[in-house]
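Residue strings, one per chain:
Protein chains: 2
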Amino acid sequence: MTGTGAIRPLPIAVDTMGGDHAPEEIIAGAVEASREHGVGLVLVGQAARIRQELERYDAVGKIPIVHADEALDMDEGALASWRKPRSSIAIACHLIKQGRASALVSAGSTAGVVATSRLRLKGQQGVMRPAIAVTLPTRPRPTILLDAGATADVKPEGLVQFAALGTAYGQILLGLDRPTVGLLNIGAEPGKGNKATKRAHELLSGGGNHGIEFAGNIEGHDLLSGRVDVVVTDGFTGNVALKTMEGTIRTAFGEVRETMTTGTAARMGALLQRRRMRDLRDRFDPDTYGGGVLLGLNGTVVIAHGASRARAITSACELAHRLAAGRIVERIREQVALTRTSRFGRRTHGERDSTEEPPPGDLGSVQNGSVQKQP
Amino acid sequence: MTGTGAIRPLPIAVDTMGGDHAPEEIIAGAVEASREHGVGLVLVGQAARIRQELERYDAVGKIPIVHADEALDMDEGALASWRKPRSSIAIACHLIKQGRASALVSAGSTAGVVATSRLRLKGQQGVMRPAIAVTLPTRPRPTILLDAGATADVKPEGLVQFAALGTAYGQILLGLDRPTVGLLNIGAEPGKGNKATKRAHELLSGGGNHGIEFAGNIEGHDLLSGRVDVVVTDGFTGNVALKTMEGTIRTAFGEVRETMTTGTAARMGALLQRRRMRDLRDRFDPDTYGGGVLLGLNGTVVIAHGASRARAITSACELAHRLAAGRIVERIREQVALTRTSRFGRRTHGERDSTEEPPPGDLGSVQNGSVQKQP
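Chains as they are written, first to last, in the UniProt record's numbering: chain P, 1 to 375; chain A, 1 to 375.
There may be inaccurate statements among the hints.
[Claimed, not checked] Partner residues aside, some chain P positions facing chain A, computed with beta carbon under 10 Å:
1. Thr135
2. Pro140
3. Met245
4. Ile249
5. Ala252
It is worth saying that the hints were derived from the structure and are not from the lab.
Note that the structure is a prediction, hence the values are computed from the model and not measured.
Every residue, glycine too, gets a C-beta built ideally from N, C-alpha and C.
Taking the hints into account, I'd like the entire structure generated from these sequences.
Right under this line is the structure:
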C-alpha cells in the first residue's frame, strides 16, 4: 500500500559526514540506493570529498551535492546542535525546511542527530515529544518499538501519542491498516506498572475511537515474540530494553560459539553449522534490521547505526524514501488528531503546557511554540 | 566470609503452599536442604498434607510444621494480603515477627508475596522502599540486579538506598567488602538519563563517603558483561530488562535449536552438541540461578520462581540461610545509615514524607509509620 497514488517524492538528503565509516561507506551505500533502487538523493557534506568518492563509482554529476563544512563528531551530544549551525545534519534539515528534500539519513551520533533535527525541523504540530522508532527482528514480520531513546521522561498522554506515531509508522512499514499496539509494562493486567503506564493504559483502553488498535500490556519477554505490531514505551525503558536485548544476544551467541569450538566433536559440528549460524546472527545484526526513525518532527529523520557500512546506508535510504512516499508526516498528523478529538485527547491538550517540562537545555520552547499554534 | 562468627541462625520458614508444584516439590526441596545442607527449617502450610509428604522421605517429626489453612493463589495480587490474613505466607511472616524464624522462602506469586510481607513484616527502619534483588548469570561471579519489580516508581534518593541494599547483599552473596555498583542508564556519561537517574547519579557521585563503591552509569548491554557487581535501577526498568533478557535468551536458543535440526549435516552437529547446549541453557535457567530476595523489610524474604521444582527450593532455602547467617537486615541498616549520615542522606530524610507517595492501595502508611520512628 505504500506510496500508492503518491506523487514522486522529493529527494532524500544524506549526511555523508556522520558515522564511523564516513564518508566512504555512506557514499557507497547512497550510490547503491540511487542506482539499484531508484531512490532520489542529495548528498550533504564536503563537496570535494564527495566528488572524489563519486568518481570511484563513475557517478559524478549524477547525484546532486550540497556543501557543508562541518560534521558533528561521533561523541558530540546535544550541545553540538547549537555550536555547529553549519553541520552537515543542520544543512540537511535546512533542505527539508526549504522543501528541497523530504527526509534525511544520517549515521551520526544519535544524540547529535536528534538534538539538531529537533532544533532545525521543530516539532510537528500537535505532537508533544518526538520518539525514535526501531524495528525488532521478529517473524513473520518485524515489530516496531518506540521510543528507543529520544524522550526519557514521558507523561501518560505522551505515551498515547507515541501509540499514534507508531500506528502511522506501522501502516507504512508493515502495510497494515490497523497495526496492534501493546504498552510495555511489568504485568499483563491493567492495574500493573508505574504511574505513567497505569494512566496510559486507562487512556488507551477508554476514550472510544482514537484510531489505535490497543492490545493491552505486554512484557519484556514478549518483545521478540511478535505478539503485537507496535510496542510503546518511554525513551528510557525502550533504550534499556533494546540494549539489554543486544547485549543478551551477543552473550548468548558468544556462549554458543564457545561451546561449539570446545572439544573435537563439537568442533566438527561447528564446521557443519557455521554458515547457518552466520545467517542467524545476521537477523539480529542492527546493520541489517535497519536504523531508527525519529518521528514527530516536520520531516522524517532516519538514524542509521554509527557503525553502518554501505549496505545499512542503502537500507536507510530506501526506508526514508518509503516513508516520504507514504507521507509519514501527514499520517502522523491524522493519527494524532484522532487521539486529540477523543475525550482524553482534549484533556491532554489543556494540561500539556503545565505538565510537560521542556528537556534541559533543549527544545522545550520550540516544542511549546509549535504546540501553541493549535486551535 | 559469610556466617563467620555468627551464632547459629533461627530456622527458615518455608511456605509449602506457594508455587506451581506445591506442596510436593516444595517439601522435597526443603527436605533436601535440611538433610544435605543442614539448613534449619519450619514448614508452613496444611499440616496433614505436609505430614503426608514428609512420610515419603521418612522425615515426619524431623522438621517442625506450623499449620496454615489458606494459600494465596498464583494469580492473586497485592489485595490477597488483606483478604487472607491466615495465608501460609502471612503465618510465615508472623513466625519471623515472633522471633521463631529468621527468614522465609516462598514460590508463591511475586505480587502476593511482596504485598503480604510488606504488610506483615513492615519496612525496615530507615528504608524508604523495598527492592527485589536477583542475580544474573555472569562469569566469573554473578551480578546482582535490583530492583526487579517491588517498587515501580522510585525517587533518586530511593535509588541511592537501593545501592546501599545491593551493597549489603553483595557483601554476603559475593563475599566482597566493597562490591562495585552501577546505575542502569541510557548512556555512560553523567548527564544522561531520565530525571531520576540524572539526580541519582549526582547523589551517588558526590556526597563523600557513603559506603557505596559507585562505578557510574552502565547500559543495558552491560548487564551480562559482569562490569559491575551490583546494578541499581527502579522496579519498572529492572523488571522490563530482566524479562527482556529471559525472552531474548529463549528466542536465541530457540533459533539455534531450529538451526541445528534443519538439514542432515546440521542434525549431525546437533547430536554431537546436545549435552553442551543443555549445560549452557541451564546457566540461564532461572531455576538454577536462584530466586529473588526482597530486601528492606524486617526479615528476609526469598521469592523462588513460581515454576520452581525441588532443586530451586533447595537453593532458595540455602540462600535464605546464608543471608540470615550473614545478618543481612543488620547490614542493610548499617549501609543505609552510611548514606543517611552523608549530606544528601539528610536531605532525603527531610523530604521523604512529602515526595514519596504511598503506592495505591498498598502499604504506604506502614512504610511511613516505620520511617517516622527515626530520630
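Checked hints:
{"no.": "1", "hint": "Thr135", "verdict": "15 Å, violated"}
{"no.": "2", "hint": "Pro140", "verdict": "14 Å, violated"}
{"no.": "3", "hint": "Met245", "verdict": "5 Å, holds"}
{"no.": "4", "hint": "Ile249", "verdict": "6 Å, holds"}
{"no.": "5", "hint": "Ala252", "verdict": "4 Å, holds"}
Hints 1 and 2, counting from the list given before, are not met by this structure.
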